[in-house]
Amino acid sequence: MKTAHCCLAALVLCGLSSVPAFARTPQTTAPKAHANDECLACHGDPSADRPVSPTVFGGSIHGQAGVTCVDCHRDVATAELPHAEKLATVTCATCHDQPAAQYDRSVHAEARRAAPATSVAASCKDCHGAHDIRPASDPESRTYHLNLAATCGRCHGNADIIRRGGIKIGNVVQQFQDSIHGIALRKAGLMVAPACTDCHGSHEVLRKTNAGSRIFRTNVPATCGKCHEGVQHRYEDGIHGTAMRSGNTFAPVCSTCHTAHQIQRVDVDSWKLQVLRECGSCHTESIKTYRDTFHGQVTSLGFVRTAACADCHGAHDIFPKRDPRSTVSQARIVSTCSKCHAGATPAFARYDPHADKHNRARNPTLYYAARFMTLLLVFVFAFFGVHTTMWFARSVRARHAAERARPPAPEEGTDTTDEAEKKDE
Amino acid sequence: MSSAQAALEGGVQYLRFDRYHRVLHGLLMLSFLGLALTGLPLLFNEAPWAAVLARVFGGFHTAGILHRTFAALLITVFSAHVFRLLYRLFVNKELFILWGPASMTPQPRDLVEMLRHMRWFLGLGPRPRFDHFTYWEKFDYWAVFWGMGIIGFSGLVLWFPLFFSRFVPGWFFNIAMLVHGEEALLAVGFIFTIHFFNSHLRPEKFPMDTVIFTGRVTDEELREERPDEFERLTAERALGSLRVDPAKPWVLPLGRTIGTVAVAVGLTLVVLIVYAFLS
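Chain order of the listed sequences is E and R.
When you line the first sequence up against this note's numbering, it's residues 1 to 425, in that order.
When you line the second sequence up against this note's numbering, it's residues 426 to 704, in that order.
Hints should not be assumed to be uniformly reliable.
Stated by the list, open to error - Using C-beta positions, here's what the derived DEER-type ranges look like:
{"id": "1", "chain 1": "E", "residue 1": "Val378", "chain 2": "R", "residue 2": "Pro628", "range": "19 to 29 Å"}
{"id": "2", "chain 1": "R", "residue 1": "Pro628", "chain 2": "E", "residue 2": "Gly343", "range": "55 to 65 Å"}
{"id": "3", "chain 1": "R", "residue 1": "Leu510", "chain 2": "E", "residue 2": "Leu375", "range": "28 to 38 Å"}
{"id": "4", "chain 1": "E", "residue 1": "Pro346", "chain 2": "R", "residue 2": "Pro628", "range": "58 to 68 Å"}
{"id": "5", "chain 1": "R", "residue 1": "Glu661", "chain 2": "E", "residue 2": "Val378", "range": "35 to 45 Å"}
{"id": "6", "chain 1": "R", "residue 1": "Gly436", "chain 2": "E", "residue 2": "Thr389", "range": "25 to 35 Å"}
Unchecked claim - Derived contacts from chain R toward chain E, CB cut-off under 7 Å, selection only:
{"id": "7", "residue": "Ala476"}
{"id": "8", "residue": "Gly595"}
{"id": "9", "residue": "Phe598"}
{"id": "10", "residue": "Leu611"}
Hints were generated in silico from the structure; no laboratory data involved.
All of these numbers come straight from a predicted model, not from anything done at the bench.
The beta carbon of each residue, even a glycine, is placed where N, CA and C say it ideally should be.
Throw the hints in and build the complete structure from the sequences for me.
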């Protein structure tokens, strides 16, 4: 594996152009470019050092379009054959200038520039292939929609490359494959499900810290909204979207709650429990008071047949309580409770699902009830704790004294009892 | 009872708890343990053992059904007890259950006996001469009585919130939730430590007092532990009518088994609660 990647890296460095050292014939002055047949005379042999299958190349987009070997391997176009061992790096930008310019701005290009000799970052052929490049519409292509995760996974699912490239997110392809998007692609073969490039871009993959990136925090809703447009609108109307647009850096975007690569179906238990903790990571007070209620206790035990945050507050279209659109507003609270508690009344809905027993201003009756119960418990356990301990100690001593007093003869017995009594005092 | 049989069974025996008492106490134990096992996971939901225990009882939904079933049993036990009290009071005219040496009602002598008992703990005086119910037995009884009222009522409020919301304001449910949990903690903590010690685990009784299973105390026990009662009953010439045959041979082993299981479950729960508090 390691060797393969070293080779890969070496290939990236020197292009695909190095050939074995059999160039001994003196140079001629013939200016005519070599035809593919001439190249394949040597390279067409599968046992050659750098074999190129005529059928593979013939089936590739370049082969189909009549691009010749020397269109890419320009430095040997007119070179005398056999040509030099080392050839120049192939420059895709010669024809594909626009994608190449995009690639130059990408995190892959950046990494390669930072360490030209050792970088494991992807270049054109790592994703597209070399002699076997096929159009993205071809199911055989590495860049075919359903193959993209595997293509990116050649590096982002490879422990060695992840380590050498210092890729912080780790084996992200594995995470993605198990996510709702990964499953949709992998199992359902859904062409509309997003692959890596739909969120990250293809040539212009940028860091999430780059304001121009599709995955930069404030750009995430628009990126997800490319498919989830309705949700995007609801989110943007809601309190989180409004806060995000007003520049609140704590406001959650899609990936804050749903994660980026491990997005789950929202009807599974694990999601419901996970998103609760996610809400609680910002709404620390609310999760604490929620845990004091039956709802919160049940979810804490890992069961979900009870109300979690979104069941009352909504998910994307959350509004402040004073907003009549809010599911917990005075206008809508009864119908919200009724979702589970059929027949709920306004009086029923006045239950405080986030009551805080330590907050006298918000929950005065609960505050005093809690104080009373605490005092009662402390008093009972303190009193009987002491009572029991004293009783136990006395009983043990009394029994010891009785045992010592019983068997011996009368005079001795009297002595022992006296001793025991003295000890007891 | 023949004298030979009496000797075999360890002497003369008197009836302390009749079958009604024993059966109710047995059902009380069953429902209390059931309620504790199915309810504590919610109260200590963050402890690692809580989810395990909840799953043992079939998940929170099934555990919830079991909890309500045990609650219904306990309410039945409570009602049966109160019904019998009222019957004894109003039909049998047994007014002595309201006041006096054989009454469960706390009386001045209980305070005196408590203070004397504590003086004895310190080795400063003799053991008090108890009568039919000691002050700690009365505390046990009234703690459970109060507890059942509080925890039973709050439990019903939580069980039927829509019904109760017709009469009580919303914050009442918050209090019901709090009180149900805190009172549960008090009851469980008290029964599984203080009651277990007072009635079973203290050196005089260790490993357990089987009177609640057999209903019988020996002549020796009565003279030693409740000398005032012994003398009072002797003076009233009532002792003879309390003399009973020993319990059937299967009663004691069964009682010991039930008692051992109950104490084991209770003490385990105490350990789990302490663990939850410490972590």
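Do the hints match the structure? See the list:
no.: 1; hint: E:Val378 x R:Pro628: 19 to 29 Å; in the structure: holds, 28 Å
no.: 2; hint: R:Pro628 x E:Gly343: 55 to 65 Å; in the structure: holds, 57 Å
no.: 3; hint: R:Leu510 x E:Leu375: 28 to 38 Å; in the structure: holds, 30 Å
no.: 4; hint: E:Pro346 x R:Pro628: 58 to 68 Å; in the structure: holds, 59 Å
no.: 5; hint: R:Glu661 x E:Val378: 35 to 45 Å; in the structure: holds, 43 Å
no.: 6; hint: R:Gly436 x E:Thr389: 25 to 35 Å; in the structure: holds, 33 Å
no.: 7; hint: Ala476; in the structure: holds, 5 Å
no.: 8; hint: Gly595; in the structure: holds, 3 Å
no.: 9; hint: Phe598; in the structure: holds, 4 Å
no.: 10; hint: Leu611; in the structure: holds, 5 Å
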